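Protein chains in written order, with the numbering used here: chain A, 1 to 119; chain B, 1 to 119; chain C, 1 to 119; chain D, 1 to 119.
For the record, the hints were derived by calculation from the structure and aren't laboratory data. Be aware that a few hints might be false.
Stated by the list, open to error - Listed below are the simulated DSSO-like cross-link pairs for lysine-lysine, each with C-alpha atoms no more than 30 Å apart in a straight line: (1) A:Lys103 <-> B:Lys84; (2) C:Lys103 <-> D:Lys96; (3) A:Lys103 <-> B:Lys103; (4) C:Lys84 <-> C:Lys96; (5) A:Lys66 <-> A:Lys84; (6) D:Lys66 <-> D:Lys96; (7) D:Lys96 <-> D:Lys84; (8) B:Lys96 <-> D:Lys84; (9) B:Lys103 <-> B:Lys66; (10) A:Lys84 <-> A:Lys96; (11) D:Lys103 <-> C:Lys103; (12) A:Lys103 <-> B:Lys96; (13) D:Lys103 <-> B:Lys66; (14) C:Lys84 <-> B:Lys103; (15) B:Lys84 <-> B:Lys96; (16) D:Lys103 <-> B:Lys103; (17) A:Lys66 <-> B:Lys103; (18) C:Lys84 <-> A:Lys96; (19) D:Lys66 <-> D:Lys84; (20) A:Lys103 <-> B:Lys66; (21) C:Lys66 <-> C:Lys84; (22) B:Lys66 <-> C:Lys96; (23) D:Lys103 <-> C:Lys96; (24) D:Lys103 <-> C:Lys84; (25) A:Lys66 <-> A:Lys103; (26) C:Lys96 <-> C:Lys66; (27) D:Lys96 <-> C:Lys84; (28) A:Lys103 <-> D:Lys103; (29) B:Lys66 <-> B:Lys84; (30) D:Lys96 <-> C:Lys96; (31) D:Lys103 <-> A:Lys66; (32) A:Lys96 <-> B:Lys103.
Model, not experiment: these values are computed from the prediction.
Number of protein chains: 4
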Amino acid sequence: MSSPEDGLGQLRDALRQFAAERDWDQFHSPKNLASALAVEAAELLERFQWLTEEQSRRLAPEELAKVREEMADVLNYLVRLADKLGVDLVAAARDKIRLNAQKYPVEQARGSAKKYSEF
Amino acid sequence: MSSPEDGLGQLRDALRQFAAERDWDQFHSPKNLASALAVEAAELLERFQWLTEEQSRRLAPEELAKVREEMADVLNYLVRLADKLGVDLVAAARDKIRLNAQKYPVEQARGSAKKYSEF
Amino acid sequence: MSSPEDGLGQLRDALRQFAAERDWDQFHSPKNLASALAVEAAELLERFQWLTEEQSRRLAPEELAKVREEMADVLNYLVRLADKLGVDLVAAARDKIRLNAQKYPVEQARGSAKKYSEF
Amino acid sequence: MSSPEDGLGQLRDALRQFAAERDWDQFHSPKNLASALAVEAAELLERFQWLTEEQSRRLAPEELAKVREEMADVLNYLVRLADKLGVDLVAAARDKIRLNAQKYPVEQARGSAKKYSEF
Numbered sequence: 001m002s003s004p005e006d007g008l009g010q011l012r013d014a015l016r017q018f019a020a021e022r023d024w025d026q027f028h029s030p031k032n033l034a035s036a037l038a039v040e041a042a043e044l045l046e047r048f049q050w051l052t053e054e055q056s057r058r059l060a061p062e063e064l065a066k067v068r069e070e071m072a073d074v075l076n077y078l079v080r081l082a083d084k085l086g087v088d089l090v091a092a093a094r095d096k097i098r099l100n101a102q103k104y105p106v107e108q109a110r111g112s113a114k115k116y117s118e119f
Numbered sequence: 001m002s003s004p005e006d007g008l009g010q011l012r013d014a015l016r017q018f019a020a021e022r023d024w025d026q027f028h029s030p031k032n033l034a035s036a037l038a039v040e041a042a043e044l045l046e047r048f049q050w051l052t053e054e055q056s057r058r059l060a061p062e063e064l065a066k067v068r069e070e071m072a073d074v075l076n077y078l079v080r081l082a083d084k085l086g087v088d089l090v091a092a093a094r095d096k097i098r099l100n101a102q103k104y105p106v107e108q109a110r111g112s113a114k115k116y117s118e119f
Numbered sequence: 001m002s003s004p005e006d007g008l009g010q011l012r013d014a015l016r017q018f019a020a021e022r023d024w025d026q027f028h029s030p031k032n033l034a035s036a037l038a039v040e041a042a043e044l045l046e047r048f049q050w051l052t053e054e055q056s057r058r059l060a061p062e063e064l065a066k067v068r069e070e071m072a073d074v075l076n077y078l079v080r081l082a083d084k085l086g087v088d089l090v091a092a093a094r095d096k097i098r099l100n101a102q103k104y105p106v107e108q109a110r111g112s113a114k115k116y117s118e119f
Numbered sequence: 001m002s003s004p005e006d007g008l009g010q011l012r013d014a015l016r017q018f019a020a021e022r023d024w025d026q027f028h029s030p031k032n033l034a035s036a037l038a039v040e041a042a043e044l045l046e047r048f049q050w051l052t053e054e055q056s057r058r059l060a061p062e063e064l065a066k067v068r069e070e071m072a073d074v075l076n077y078l079v080r081l082a083d084k085l086g087v088d089l090v091a092a093a094r095d096k097i098r099l100n101a102q103k104y105p106v107e108q109a110r111g112s113a114k115k116y117s118e119f
């Protein structure tokens, strides 16, 4: 999100404008945005909850379209929260992958469901 | 996520490699990834749950560092799920902002907490 | 929760006393309790997220003990929220089962995953 | 849930019958029920997410009715999961309150938001 030209930077700007035009900044405390993000993540999960894992791998097009929309909601709230807190999302994600690589060394983690609790 | 050079494209590739090296693709069904995403979103929310909205706006540096890490987890699972489902996250988010702009016209939505249920 | 002698009524009273002794009522707004409940539900889900459905049916004793503890957290926050809002949980649940019975008539719902979105 | 006459025992029996009549037991693995529970908890949270804490304390009757319904969904899935896992919910909740009383001694916990992370 460093340069305004990239994808997430553009989303951030569009979401800022969206909220400003509607005077919705007053509702967008980090606490509230974190709630909204969790709610959207649950709506995404709802799409999968009664499917088998196998079924979740081959969604019908109209179901995928709904899943895509819920994913968009999650990303939009995440970008909005990052904007409010001054967090660079991609840098944070990169740092976390590096941390996890140390926490789960390849040799030990290999295919192990037992040790598996990724993040 | 269209070009491999951009931020989310790089994350996607790093996460692919991370899972492949550990043979963890077997756990990464869309159903399971959606669960993991919801769990991480809740861990993010946990950081805010007893704060007032005002407190959530001025986090201490060490608290912000933890929040940043939870946000990273959310993004990483979201990018991983998008990869599995072939979803372009930024395009999806852009489409959703456009949809919401129609659903909440500026004149009607202005500052209204009553009509407010954003996504 | 009508009579103080029954199980949920006793929990309600114990939780009231617990909060009063620690002066924690100030944190227990319905908004905050609903957040805490969602967080605990996610911690419960976390225990299952990488298991297959089959594995989730035969938990090892030490894993079941942890699951049981997360379920307790969910119930405790739910009872606390019900107390704050004056809701009779068992009556509410009974009403909802009746509603669902009308929404999903036996003949039509039978074994159908397609129509299935229970609540 | 020990005796079939009490509130939760009756709910358990009603939910068993509800699922059996519709042949829905096949969907009710503990993994799936935990997902459904998390989704319902998020739907409950959704009702509060843009309210201030103060507003959450004085819900309008029609809003409270919706909140009550979401609470019912949470309880029903929790009771269903407990039935599948053989967990006595009230005993589990009682045990957890006892554990928390040791973890947060009254003298130290008193009114402290700082140490506060209840469960």
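Hint check results:
no.: 1; hint: A:Lys103 <-> B:Lys84; verdict: holds, 24 Å
no.: 2; hint: C:Lys103 <-> D:Lys96; verdict: violated, 36 Å
no.: 3; hint: A:Lys103 <-> B:Lys103; verdict: violated, 45 Å
no.: 4; hint: C:Lys84 <-> C:Lys96; verdict: holds, 20 Å
no.: 5; hint: A:Lys66 <-> A:Lys84; verdict: holds, 27 Å
no.: 6; hint: D:Lys66 <-> D:Lys96; verdict: holds, 29 Å
no.: 7; hint: D:Lys96 <-> D:Lys84; verdict: holds, 20 Å
no.: 8; hint: B:Lys96 <-> D:Lys84; verdict: violated, 39 Å
no.: 9; hint: B:Lys103 <-> B:Lys66; verdict: violated, 35 Å
no.: 10; hint: A:Lys84 <-> A:Lys96; verdict: holds, 20 Å
no.: 11; hint: D:Lys103 <-> C:Lys103; verdict: violated, 45 Å
no.: 12; hint: A:Lys103 <-> B:Lys96; verdict: violated, 36 Å
no.: 13; hint: D:Lys103 <-> B:Lys66; verdict: holds, 23 Å
no.: 14; hint: C:Lys84 <-> B:Lys103; verdict: violated, 34 Å
no.: 15; hint: B:Lys84 <-> B:Lys96; verdict: holds, 20 Å
no.: 16; hint: D:Lys103 <-> B:Lys103; verdict: violated, 48 Å
no.: 17; hint: A:Lys66 <-> B:Lys103; verdict: holds, 17 Å
no.: 18; hint: C:Lys84 <-> A:Lys96; verdict: violated, 39 Å
no.: 19; hint: D:Lys66 <-> D:Lys84; verdict: holds, 27 Å
no.: 20; hint: A:Lys103 <-> B:Lys66; verdict: holds, 17 Å
no.: 21; hint: C:Lys66 <-> C:Lys84; verdict: holds, 27 Å
no.: 22; hint: B:Lys66 <-> C:Lys96; verdict: violated, 39 Å
no.: 23; hint: D:Lys103 <-> C:Lys96; verdict: violated, 36 Å
no.: 24; hint: D:Lys103 <-> C:Lys84; verdict: holds, 24 Å
no.: 25; hint: A:Lys66 <-> A:Lys103; verdict: violated, 35 Å
no.: 26; hint: C:Lys96 <-> C:Lys66; verdict: holds, 29 Å
no.: 27; hint: D:Lys96 <-> C:Lys84; verdict: holds, 20 Å
no.: 28; hint: A:Lys103 <-> D:Lys103; verdict: holds, 29 Å
no.: 29; hint: B:Lys66 <-> B:Lys84; verdict: holds, 27 Å
no.: 30; hint: D:Lys96 <-> C:Lys96; verdict: holds, 28 Å
no.: 31; hint: D:Lys103 <-> A:Lys66; verdict: violated, 44 Å
no.: 32; hint: A:Lys96 <-> B:Lys103; verdict: violated, 36 Å
When each numbered hint is compared with the structure, violations occur for hints 2, 3, 8, 9, 11, 12, 14, 16, 18, 22, 23, 25, 31, 32.
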